[in-house]
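J.: Using the sequences and the hints given, assemble the complete structure.
Line by line, the protein sequences give chains X and R.
Quick note on numbering: the first sequence equals residues 1 to 131 in the working numbering.
Quick note on numbering: the second sequence equals residues 1 to 276 in the working numbering.
Think of the hints as simulated: they come from the structure by calculation, not from any bench.
Be a bit skeptical, because a hint or two may be false.
[As the list claims (entries may be wrong)] Across the chosen pairs, the derived CB separations fall in these ranges:
(1) 186/R / 31/X: 37 to 43 Å
(2) 234/R / 43/X: 40 to 46 Å
(3) 102/X / 179/R: 41 to 47 Å
(4) 76/X / 240/R: 31 to 37 Å
(5) 25/X / 176/R: 57 to 63 Å
(6) 64/X / 240/R: 27 to 33 Å
(7) 102/X / 240/R: 25 to 31 Å
(8) 24/X / 189/R: 52 to 58 Å
(9) 240/R / 25/X: 44 to 50 Å
(10) 76/X / 176/R: 52 to 58 Å
(11) 24/X / 240/R: 23 to 29 Å
(12) 76/X / 192/R: 38 to 44 Å
(13) 43/X / 196/R: 37 to 43 Å
(14) 42/X / 189/R: 41 to 47 Å
[Said to hold, decoys possible] Derived BS3-like pairs (lysine-lysine); straight-line CA-CA distance at most 27 Å:
(15) 234/R / 121/X
(16) 175/R / 187/R
(17) 237/R / 11/X
[Stated by the list, open to error] Covered by chain X, per the in silico footprint, the following chain R stretches (three or more residues, Cβ under 8 Å):
(18) 193 to 204
(19) 211 to 224
The beta-carbon is built from N, C-alpha and C at its ideal position, and this holds for glycine as well.
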Amino acid sequence: MQKILLVDDDKTLLSSMGEFFEAVLGMKCILLTGLADIVAQEAEILDRDVKFAILDINLGQGQPSGIDVYQWLCDHHFQGKCVFLTGHAKDHPLVKNASLMKGVHVFEKPLEIDQLISLIKGQPLADVQAG
Amino acid sequence: MFKRVKQSHNHNLLLFQGILNIFGALMAVVQWHEFRNVPLNLTAAATVGAGIFACYVALSKPALQDRFASFVFLSAVVPVYGLLWAMNGFLMAQGKFWEPFQPHELSSLTIAILAPPYRSIGVLAILLFPILAGLQFFSFTPEQLALIPSSPLFAPIAFGVFALVLYFYRLQGLKIAGVAAEVRMMKKLTRSILAIKDLANSPIQALIIDAELLQRKHPEAAAIAERIEISATKLGKLNHVLDSYGRESKHHNGHVSFDSKATLELKTPTSFPNPS
Numbered sequence: 001m002q003k004i005l006l007v008d009d010d011k012t013l014l015s016s017m018g019e020f021f022e023a024v025l026g027m028k029c030i031l032l033t034g035l036a037d038i039v040a041q042e043a044e045i046l047d048r049d050v051k052f053a054i055l056d057i058n059l060g061q062g063q064p065s066g067i068d069v070y071q072w073l074c075d076h077h078f079q080g081k082c083v084f085l086t087g088h089a090k091d092h093p094l095v096k097n098a099s100l101m102k103g104v105h106v107f108e109k110p111l112e113i114d115q116l117i118s119l120i121k122g123q124p125l126a127d128v129q130a131g
Numbered sequence: 001m002f003k004r005v006k007q008s009h010n011h012n013l014l015l016f017q018g019i020l021n022i023f024g025a026l027m028a029v030v031q032w033h034e035f036r037n038v039p040l041n042l043t044a045a046a047t048v049g050a051g052i053f054a055c056y057v058a059l060s061k062p063a064l065q066d067r068f069a070s071f072v073f074l075s076a077v078v079p080v081y082g083l084l085w086a087m088n089g090f091l092m093a094q095g096k097f098w099e100p101f102q103p104h105e106l107s108s109l110t111i112a113i114l115a116p117p118y119r120s121i122g123v124l125a126i127l128l129f130p131i132l133a134g135l136q137f138f139s140f141t142p143e144q145l146a147l148i149p150s151s152p153l154f155a156p157i158a159f160g161v162f163a164l165v166l167y168f169y170r171l172q173g174l175k176i177a178g179v180a181a182e183v184r185m186m187k188k189l190t191r192s193i194l195a196i197k198d199l200a201n202s203p204i205q206a207l208i209i210d211a212e213l214l215q216r217k218h219p220e221a222a223a224i225a226e227r228i229e230i231s232a233t234k235l236g237k238l239n240h241v242l243d244s245y246g247r248e249s250k251h252h253n254g255h256v257s258f259d260s261k262a263t264l265e266l267k268t269p270t271s272f273p274n275p276s
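T.: Okay, structure coming up:
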């Protein structure tokens with residue numbers, strides 16, 4: 001069964017997204033709030049069945065960011081596709097940094113339902129460009 | 001913000017002018033009390049009274065608009081003209097050689113520093129010193145003129161001109177301070193708008209998803225779910241408008257590296273989900 005890794009510090013949104021992807025796409029979701037959780041569940045995350053990762057960029061003041069999570073995933077040879085999802089303006093420094101990373105797209109919240117589905121199915125979707 | 005600063009500025013001006021009135025008039029009375037000169041004592045008393053009134057207004061009125069403060073200021077200054085006139089008349093009557101109009105010079109500079117920003121009153125208050133000096137000079141008899149230096153009007157007129165320049169320079173400074181305060185306020189407003197946008201995006205995203213889930217799991221609630229989704233989508237579009245406002249604002253300067261909750265001074269992390 002294909003799995004999606006969802007990382008966001010907003011637990012309400014995390015639950016909603018997890019339930020949505022399971023109900024609509026039949027994919028199991030791994031719901032985590034930060035880098036510490038990821039390190040703790042390394043084996044499950046690096047499983048070949050995890051095909052997709054949606055990473056929130058700002059994971060809370062003073063916490064490692066989504067970019068740190070992405071870096072960790074790259075360092076540990078994560079096989080799935082990664083995208084960033086952010087509520088910040090595109091000229092926020094963190095969003096700018098994320099936009100500069102190779103092979104990863106940044107999308108602005110809120111996405112509509114069709115866009116969320118397209119995102120997981122790998123269909124084209126306009127992303128945020130660094131200002 | 002700037003309005004509050006200006007009003008506080010007006011309070012200070014009236015307070016200082018009131019104190020100067022009282023201090024100056026008392027000095028005149030103490031210096032010449034043995035002569036018991038009635039016009040001098042009367043104008044000194046009026047000056048003290050006007051000074052007390054200015055202090056009272058400054059200390060008791062919570063808000064002082066420019067125009068009102070300017071009129072109170074003028075009412076405090078009017079007896080000073082009378083006091084200076086009476087002083088000059090009194091000194092001339094002594095029949096000794098003396099240098100007239102020296103207090104006019106100092107007073108015009110004081111007015112330039114203290115006059116409120118209501119321009120016509122400030123200018124009038126300054127110009128009255130050299131004008132009254134001129135009127136009094138031309139009222140002197142040839143015998144009286146022999147007791148004072150030649151060309152005594154030059155200094156009061158020169159000080160009057162300096163005072164006008166100083167006054168306009170001060171007004172320009174106040175205007176620049178006003179613009180700077182406005183820019184600061186706009187920057188703060190822009191940052192607040194962007195912070196609200198950041199904090200709102202995750203809940204809006206959750207609402208859009210939950211409306212879809214509600215529709216799928218409970219088809220009988222489809223109409224409700226649709227309304228929630230439409231409203232959430234509208235909120236999302238509104239947020240994009242706020243985003244473009246923040247980008248287009250001249251006061252933004254691209255400095256959006258801030259913690260949204262800290263920007264809005266939210267002390268309770270549980271009251272809002274984290275911005276993401």
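J.: Hint by hint, work out which the structure violates, then give me just those numbers in ascending order.
T.: Numbers 8 and 9, in rising order.
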